[in-house]
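Novice: Each chain, written out:
Number of protein chains: 2
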Amino acid sequence: MEPSPRTPLSPQQRETLQAELHREWQGIRFLTELAEITPYECDGLVAFSQLPLGVVLPETEAEVQTVLRTCMRLGVPVVPRGAGTGLTGSAMPTPDGIVLAMAKFNRILEINPQARTATVQPGVRNLAISDAAAPHQLYYAPDPSSQLACTIGGNVGENSGGVHCLKYGLTVNNVLKVRAVTMDGSIIELGGAAYDSPGLDLLSVFIGSEGMFAVVTEVVVKLVPKPRTAQVIMASFDDMGKAGDAVAAVIAAGIIPAGLEMMDGPATRAIDNYLNIGYDTRAEAILLCESDGTPEEVAEEIGRMIAVFEKSGAIRIQVSRNEIERLVFWSGRKNAFPAAAQLAPDSYCMDGTVPRRHISTLLRHITTLEEKYGLKCINVFHAGDGNMHPLILFDNQAGEWPRAEAFGADILEECVRLGGTITGEHGVGVEKINGMCVQFSEAERETFWGVKFAFDPGGLLNADKAIPTKNRCAEYGRMHIPRGTMKFPELERF
Amino acid sequence: MEPSPRTPLSPQQRETLQAELHREWQGIRFLTELAEITPYECDGLVAFSQLPLGVVLPETEAEVQTVLRTCMRLGVPVVPRGAGTGLTGSAMPTPDGIVLAMAKFNRILEINPQARTATVQPGVRNLAISDAAAPHQLYYAPDPSSQLACTIGGNVGENSGGVHCLKYGLTVNNVLKVRAVTMDGSIIELGGAAYDSPGLDLLSVFIGSEGMFAVVTEVVVKLVPKPRTAQVIMASFDDMGKAGDAVAAVIAAGIIPAGLEMMDGPATRAIDNYLNIGYDTRAEAILLCESDGTPEEVAEEIGRMIAVFEKSGAIRIQVSRNEIERLVFWSGRKNAFPAAAQLAPDSYCMDGTVPRRHISTLLRHITTLEEKYGLKCINVFHAGDGNMHPLILFDNQAGEWPRAEAFGADILEECVRLGGTITGEHGVGVEKINGMCVQFSEAERETFWGVKFAFDPGGLLNADKAIPTKNRCAEYGRMHIPRGTMKFPELERF
Chain A
1 MEPSPRTPLS PQQRETLQAE LHREWQGIRF LTELAEITPY ECDGLVAFSQ LPLGVVLPET
61 EAEVQTVLRT CMRLGVPVVP RGAGTGLTGS AMPTPDGIVL AMAKFNRILE INPQARTATV
121 QPGVRNLAIS DAAAPHQLYY APDPSSQLAC TIGGNVGENS GGVHCLKYGL TVNNVLKVRA
181 VTMDGSIIEL GGAAYDSPGL DLLSVFIGSE GMFAVVTEVV VKLVPKPRTA QVIMASFDDM
241 GKAGDAVAAV IAAGIIPAGL EMMDGPATRA IDNYLNIGYD TRAEAILLCE SDGTPEEVAE
301 EIGRMIAVFE KSGAIRIQVS RNEIERLVFW SGRKNAFPAA AQLAPDSYCM DGTVPRRHIS
361 TLLRHITTLE EKYGLKCINV FHAGDGNMHP LILFDNQAGE WPRAEAFGAD ILEECVRLGG
421 TITGEHGVGV EKINGMCVQF SEAERETFWG VKFAFDPGGL LNADKAIPTK NRCAEYGRMH
481 IPRGTMKFPE LERF
Chain B
1 MEPSPRTPLS PQQRETLQAE LHREWQGIRF LTELAEITPY ECDGLVAFSQ LPLGVVLPET
61 EAEVQTVLRT CMRLGVPVVP RGAGTGLTGS AMPTPDGIVL AMAKFNRILE INPQARTATV
121 QPGVRNLAIS DAAAPHQLYY APDPSSQLAC TIGGNVGENS GGVHCLKYGL TVNNVLKVRA
181 VTMDGSIIEL GGAAYDSPGL DLLSVFIGSE GMFAVVTEVV VKLVPKPRTA QVIMASFDDM
241 GKAGDAVAAV IAAGIIPAGL EMMDGPATRA IDNYLNIGYD TRAEAILLCE SDGTPEEVAE
301 EIGRMIAVFE KSGAIRIQVS RNEIERLVFW SGRKNAFPAA AQLAPDSYCM DGTVPRRHIS
361 TLLRHITTLE EKYGLKCINV FHAGDGNMHP LILFDNQAGE WPRAEAFGAD ILEECVRLGG
421 TITGEHGVGV EKINGMCVQF SEAERETFWG VKFAFDPGGL LNADKAIPTK NRCAEYGRMH
481 IPRGTMKFPE LERF
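For the protein sequence lines, the chains are A and B, in the order given.
Residue numbers for the first sequence, in the UniProt record's numbering: 1 to 494.
Residue numbers for the second sequence, in the UniProt record's numbering: 1 to 494.
I should point out that these hints are in silico values taken from the structure, not numbers from a laboratory.
Every residue, glycine too, gets a C-beta built ideally from N, C-alpha and C.
Treat the hints with care, as some may be off.
Unchecked claim - Across the chosen pairs, the derived CB separations fall in these ranges:
#1 Pro39(A) x Pro95(B): 58 to 68 Å
#2 Glu110(A) x Ile306(B): 51 to 61 Å
#3 Asn471(A) x Ala252(B): 52 to 62 Å
#4 Ser4(B) x Glu475(A): 30 to 40 Å
#5 Pro39(A) x Phe48(B): 53 to 63 Å
#6 Asn471(B) x Pro5(A): 33 to 43 Å
#7 Thr294(B) x Pro39(A): 52 to 62 Å
#8 Leu34(B) x Glu442(A): 38 to 48 Å
Start from the sequences and build out the full structure, keeping to the hints where you can.
Specialist: Next up, the structure:
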């Protein structure tokens, strides 16, 4: 069970279809002019783009129902889109399909401080929820780097994480309920206020489904109390292996830091050169390790963290003495990507995971790949959960993109070989669809298709994303070594 | 998409099929004698029973593959079974089907204290995992009341909770990976060590699938450090409403107790009469509220809890002064069901949820139902997450079962009306299958079937459990008020 290949429409057929959709959708904003639709040709993965047949911007749930019913009847593929900040092309248009942009669903419907929930429309920005909850000393925990711009609908689609997900969980741990419209126009509600859903837990499988199941029209999220205080430790190491061991040792000591991030030497030097904030430029690795809670809890936990880092051979340990210093310590981490822009005209951000104790193995492998591909790569990542973000530096104008792309794929396959995964928090989209052939067996991929069709039997919703077809994997397999021994060779908690 | 009704086999056909299976499964233990198969006619829901065609007890994953392939080829329904402690009939045999008992899969394959994981076979008892991890000061958190007997395979099937799930989560929050065999004999692996699964999160939807998807052969669970200390508060209230408000106030204060349980007056008096441990028999409600962690954390949290209970009008507050007193306080809660046996020959344990602030509304409604049905009901439950366990007392010999059953269904429908659910942690099984018609719309139930068929296209695995067919709901709807306004009238975090 998987979708059949589609025959491309002729220019004449496209025009006829556009005209028909304009007739069907009178009163609904529907864009088909080149200048209007060009901004929708890609998402944050700018290397892949595709012009859609048109872009529809519904304003009500009833309009979403109308749009989807029409597309179902006419067999038009649909790609739902939030802010378009995704990094794997999940919101890239499907050929001859429409983009369903949810930008107008931007209202916060309720903040309930007693129940600690917010009910919002999918086009609400991640950070706007925390802003609205701030008067009640509450906030929405998942904090992807794009949180100023990205929307909660996109977060649901990608199961977004962030710096604090180690302690506070991913989107799936912070969403209570989703209301959505399926391709046939039905309304479904998944999850609810109870700890466990009766029947199958469709909410969890929905979160992270990359727009392949249904179009979200309402989300109920958990709000959590703002920690009373927070402090961060910045620890330098003269060896990446020691820093990796320190990460494993913190977790083994039973500490769950609010954030635990690592930067390698080249990243540290690039950042300090850019911001000049006194990062330890001799270091081969820097850890940022945060504690939050009551002042007593934080003091106790910071003490335990320092003991671990001392024992792991840190060459310099600083603890933020106030809120301003804490933000300065973090500012380097948060500006790593702009800093990288000083080093090369273009960069390609990867996203994979490895078991914590293999972090330094992967970093060493990346060093050998730098030689193989003749490109530099700097590393700034979520060490606590083994979620790596190698940033490959290249020059598109100089024709280096194909090498950067191959470099990235090589890193991800090494992640799988080390017992990790091809994606940590950015999803699969179009970028990593071949990686899915490496990560999963045919039986598992068939189950994915089955679940996709349970929600979308016609296979019209974002059907060319995230799950590869059997043919695609066969083709990819002919070019690469077969799967088999590569998958999860070791069972280990990250 | 849903399974078609099956034509019952004649006695002659049953015998022929049994003989064929014996031939197919030489070397695999396969029971068909009445005396041998009678123990498998029901699970913990003894009111429903059904003799299977036979019971197969494989010892290896290869034997599970053989069994499932044979059943798929011959179209024989399969019901997987753990310890049979489930309370909703999920492991009740299907007519003309076999029971696949996983009792022989009882080995703990690995305890990894560094990674904090245990890799176990599905027939391992819940408590045996914690026993094996104890030398490393680790344990497996979910603690259903049946944890001495129930197995991890059954816990995965039911997404089991327990007294401590408020703080430590359900099975779904504590399982990292599942390995399973599908009906066609394929091996699938779901989840892994990373925080987020690439592609769809099939692990979460698998956990709680009540044996309808595949047969589990291996489970990797998280282990967590044993709290350094724990204390429990026992608070009495002269009014159920005040106790309910106290529960809401604890959570609103930002406290997540390790356990937060409530007993009503009749339950308290029955328990004290049975154990004579000094429970406050004047109370109309008693709360048990536990804190665990470091001694400093516990002291601080117990102080905040006491303040909340005083403000909520508690008439007596006791704090356990040592570990023995803590266990005595809990012993009443843990012996509520044996205590109930003093009050009536039979009891029927319900399982539903309501938003916390409606706890007292539901309890008042149960009081009116006691009159309507002429039966008593006592209440001992997980107040912190609104998970109610009304225990209906009846006398089967006196023909009171049908009244008890109707009483139970009435309670669950009231749960839904109050914005809650028909099951908290016991699953749906056969017991609550009609309730699923009340809880979910037709579009939602069709999606359930679609996901079921993604794993089991032939619909042979436990297909008469958990998800109702359209016909069944239509029939149930003719007897009862229609769904519609009943579903989640209020959005609220429990």
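Novice: Would you list, in rising numerical order, the hints stated earlier that this structure does not obey?
Specialist: 2
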